[in-house]
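Novice: The residues making up each chain are set out below.
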Amino acid sequence: MATLSQPSKLPGSGVTSLSERPKGESLWANSLRRLVRNRLAVIGFVIIILMILVAIFADQIAPRGFAEANFKSGDSAPTWVTRVFPSMIPEGQEGGYVIIDESYTLGADALGRDLLSRIIYGSRVSLTVAFIGPLFAIAIGLFVGMAAGYFGGVVDNVLMRAVDIMYAFPTLLFIILLMTFFRFSTVAPEPGSLAATLGQFDKNSGGMLFIFVGIGLTSWMQMARLVRGQVLAAREQEYILASRSIGSKTPRILWGHILPNILGPLIVAETLTIPTYISYEAFLSFIGLGVQQPTPSWGSMISEGANAIRSYPNQALFPALALFLVMFAFNFLGDGLRDALDPRMRGKD
Amino acid sequence: MSRNRLVGLLLVIALLASLSVGLVGAQDKKILVTGRQMGSSDIPTIDPAIAEDVPSVQIIDEIFVALARPNEETAALGSGMATWTVSEDGLTYTFDIMENVPWVRYNAEIDAVEQLVGADGTPLVVTAQDFAYGILRSLNPETAAPYQYVLSPWIVGAPEYSNGEGAAEDVQVAVVDSNTLTITTPAPSAVVPFIFTMWVTMAQPQSIIEEYAEFWIDPENIATYGPFALKEWVRGDGGSLTLIKNPLWPGTENIPVPALDEVVFRFLDEEVQLTEFEAGTLDVAEAPDTEYARISADANLSASYFTGPGTCTYYYGFNVEREPFNDARARQAFSMAIDRETLTTDVLGAGQIPAGLFALPTLNAAPTSETFPDIGIGTDLEGAAALWGEYLAETGKTAADFNLTLFHNESGLHATIAQAVQQMWAETLGVNVQIATADFATYLDTRGNYDVYRAAWCYDYPDAHNFYYDAGWHSDLLSENDTHWSNADYDALVDQAFAAPTVEERAALYAQADDILVNTEAAIAPMYYYVTNDLTAPYVTRTHSFITREYYEKWDINR
Amino acid sequence: MVRFIVRRFLWMFLVLFVVSAITFVLLRAVPGGPFNSERGVPAPVQRSLTAKFGLDQPLINQYLKYVGDILVPRITDSTFKRTLTEDYLINIDLPFLGEEAAFRWMNFGPSLRVRSRTVNQLFLENLPVSIQLGSAALIVSLAIGVPLGIVAALKRNTRYDYASMGVAIIGVSIPIIIMAPLLQYFFGVQWGTLPVSGWGTLAHMIMPAFALGFAQSAIMARLTRASLLQVLGEDYIRTARAKGLSEQKVVLVHALKNALIPVVTIIGPLFAALVTGTFVTETFFSVPGMGRYFVTSVTNRDFTVVMGTILLYAVFLVLANLFVDVVYAWLDPRIRLS
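Residue numbers (my numbering), protein chains in the order written: chain A, 1 to 349; chain B, 1 to 559; chain C, 1 to 338.
In short, the hints are calculated from the structure, not lab data.
Just so it is clear, CB atoms sit at the ideal spot from N, CA and C, and this is done for glycine as well.
It cannot be assumed that every hint is accurate.
[Claimed, not checked] Okay, the calculated beta carbon distance ranges per label pair:
#1 B/Thr543 - A/Phe131: 52 to 62 Å
#2 B/Asn326 - C/Leu319: 52 to 62 Å
#3 B/Glu160 - C/Gly68: 32 to 42 Å
#4 A/Leu325 - B/Thr395: 48 to 58 Å
#5 C/Leu319 - B/Asn71: 53 to 63 Å
#6 A/Ile61 - B/Ala488: 52 to 62 Å
#7 B/Asn326 - A/Arg161: 50 to 60 Å
Bound conformation, chain A alone:
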């Protein structure tokens, strides 16, 4: 399996960097300096921090509750929105159909729920997905990859063949299968059983649990390959051989020496994968496997809004803008991190 598992082909392997470090500046300080110089990466970072704050303080920021419906104001919009989207003609004008209600900053959905508040609360789902994916990936992928890379031989063979098999599943279809399995096998089980507990937990989390499980269980393979490659390369390094010769135990070598040195590429790889996880959530919403109503998520708001995108473009485009910003931010941050952590780039700028 030559293609994706060749560590030397992956840009950004930080392994060989120790000896090249410029005098008087640590590896991380150097990287940080170069990251900060990348303005777009900084902007991305700031956007992400802001979004995290919005998600945490949603209760304080949101003007209304996310489930608060006012049927009479269904599909209404404030005047400024109808000016931004000239196809939305206010009632009273010729061909007008949009109810004007200035109390909704971005407009209201079909049930008369505040779009802005729903976007604010929706950040919780998208951002949690953004961090759950990497969490699973690192938790499982790091373990599998390290074991395979460090022990080699049969362990390596078995683990990597398992990864290959997992790879042969189309990711999205596998997520759909897993979610269908987890969510619907727990729909009406015996009370008190594990399935019932999981089902209740999923319901209480607004249907997020099984989305996380689905995404998490399919996210770790790439990480496992990457880690394995990095470990293989690191294993032959002199400092590892040295610490082994002085009798260091395996776990200590793995956690103490190898991990810190492969962390950079892992962070880069995962940051660049985050947008994929976020888009999975949007896709799952589109096919009806997203969060459970009335919990808002950007994905579900976009796919609902897309049903009326010609009449009420604000209902789809504002959540899409939020999604776009976060995707953009993670992409730029990832690109910036990669450049900053890549030793070959050092001293060139």
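Dock chains B and C against chain A, hints included.
Specialist: Using the frame of chain A, we list chains B and C on its own:
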């Protein structure tokens, strides 16, 4: 590496990509449409024996014709392939089938519809034998036809045969001569002729089916006889199906020779249908409910817009085996607390009609709120709160004691309605109901385990019996009834109505039955009647059907 | 080389076996079956349907029969009749064994939901559409991504770099759910330049291929940029420059051809993803491809179609990777297939 190799590689990829097929040349009278409820999914089948959904039946009804045929604008019964007489005891129907209607197939090589010829060289025409074969094939347990259970109760010997317990010879469908068929029904009823409008009773080509097995419906194999023939079928979601005029169809008063040369059904999502219509590349489209406000305000679109009665009733079913819905008062209170007016105008807002009765008002022998103003259930928020309060006081419980779940299958519309109703119940009754969803297959399997589930019933034939009996409320069908409710009075009324001779008498009996179902027992809460909304280009002359299928042979196009 | 390919094929069979077993188990553990319908299917009909398609057998037998139908070839004589349950993907006439004798192989079974179609027909009729769309999208993503990546690498850390990567990232950040209706509105309704939806001509292909390909161009741009940057630092480039070759020639002839090797490696998995991951695009643009079945077959519990599509994807992925490995070795002689 040489650059040439890379270029060569890219060229191969480009070549693969550009394998495309040219468009078919335009015809004189070719109409581009989207069928009722077709959406973007492929049409499941066009085999009359195994069809069970509206899109399939739409196509089948145009390429095969049943013995009887309802008028699409009045639902009145007319002749299809036959006229009929009934014996004095009301049990035996004798059908006189049209003579010399040829079996045809579209021949792509000569681009024309031609009559099929038998093995002995004689031209094939539709006979009584073909109808008898069709009916028996639909009933045959090996066919495993989803609709055999709708057909079998109406023919003596059929239930036993389709259950695998009886023989085909004992099914009382008899071929008298090549154009005469008699069918014997177990009990006299005014509903019987409606059964012979159904696709499962159509003539089917025995020799073709035996030769090609399940693939007999492919365009190159099929044999049909209706006003249109099958020209092309691009299968798959997002595909299309093309019907071509059958010039050999003799034409009758009910079913004329088509004016159109071709009807192209495109499988499109509703939102895409509207976009195509606005781009001028689709002549008839279904209008998405979500765009209703803009369409009706727009000068051009509203001129093309038509809204008419639909074919389904949307309702919530209460699980009568679970608290509090084991008490009729609780069910009534929950039903009365649904503000149907707000739901249809503010939440749905595409012309849906609030429902106080289960049966659609447009059906034959159906009671309506106009003719029977004192029956059925209505929105009454104070009444609901009072009734609920009474129930709580008597049982010594509080609203917070109940952990209820409302269950629906995944769909934007169902979710919107469920959330609206959730809020209405919270405001009026103080009950916080949870919403659970599942995909369609899971939903159908498990909805009987929840407190409340959403559902809709769409008719198979335009008679009220289909709603009061086949929908599952009669205790004969208790195993398919997910509310688990049954009622002896209701059963008796439906049975009486079935046998009653006049439409008026039947409607009066059904009115009482409906009142039990939705009001005094309130096993279900009817919420609204569907509407059909469509857009038609100004150059199309058409009829607007309110039975589930359109009859395109009555349409014309003048650009 | 031959040994390498043979080994890969053997490995593929093991992968397919495990993949199909996992899918089978997951699928059958979920409630709901393919024959459920809103109006409630009476028990006798359910029974005859499950019997007709063998779903009343023990699960292990069903699985073995499924695998057997695909793997075990048959030699048939004139009594053979093609039916829903006996439809083979590969049919070769064997005239020397007698009239109408034929070799038949790979029966993927009937679709349980669409009662008149087999999974083979689905492969034969809908897969080519997906391959066309996937190829077109791949070309779009290369055509957008590679030039952007080159510009970004050559003008590293300037505003050209940021702008190029920005454009590529816009593509991946706009959901197709939004991009598709906007494209359709502007190109289809407002300007009337392209057909709104459908399939058949090159014009029909443009919008879906763009929507699908643009989203992947960021990967291409990123890879091209990183790998070109790396190559530009290599000794032989310095040598070329030192020889006094024009910068244009250094970049386009010497650097680029090596820099594109990593791009080639991703084409395999990307192509597999593009051919199968087209649900949203196919839905919006009414493309009669395979992508929809990947999703609808699961929600419909159309067991055979789910199995068929998932196996198809696995075959596709393994073959695409194999193809890329071979091409890769051919492009870069330093790589030995082992």
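Novice: Confirm or reject each hint.
Specialist: Each hint, compared with the structure:
{"no.": "1", "hint": "B/Thr543 - A/Phe131: 52 to 62 Å", "in the structure": "holds (58 Å)"}
{"no.": "2", "hint": "B/Asn326 - C/Leu319: 52 to 62 Å", "in the structure": "holds (59 Å)"}
{"no.": "3", "hint": "B/Glu160 - C/Gly68: 32 to 42 Å", "in the structure": "holds (36 Å)"}
{"no.": "4", "hint": "A/Leu325 - B/Thr395: 48 to 58 Å", "in the structure": "holds (52 Å)"}
{"no.": "5", "hint": "C/Leu319 - B/Asn71: 53 to 63 Å", "in the structure": "holds (57 Å)"}
{"no.": "6", "hint": "A/Ile61 - B/Ala488: 52 to 62 Å", "in the structure": "holds (59 Å)"}
{"no.": "7", "hint": "B/Asn326 - A/Arg161: 50 to 60 Å", "in the structure": "holds (56 Å)"}
Checked against the numbered hints given earlier, the structure satisfies every one of them.
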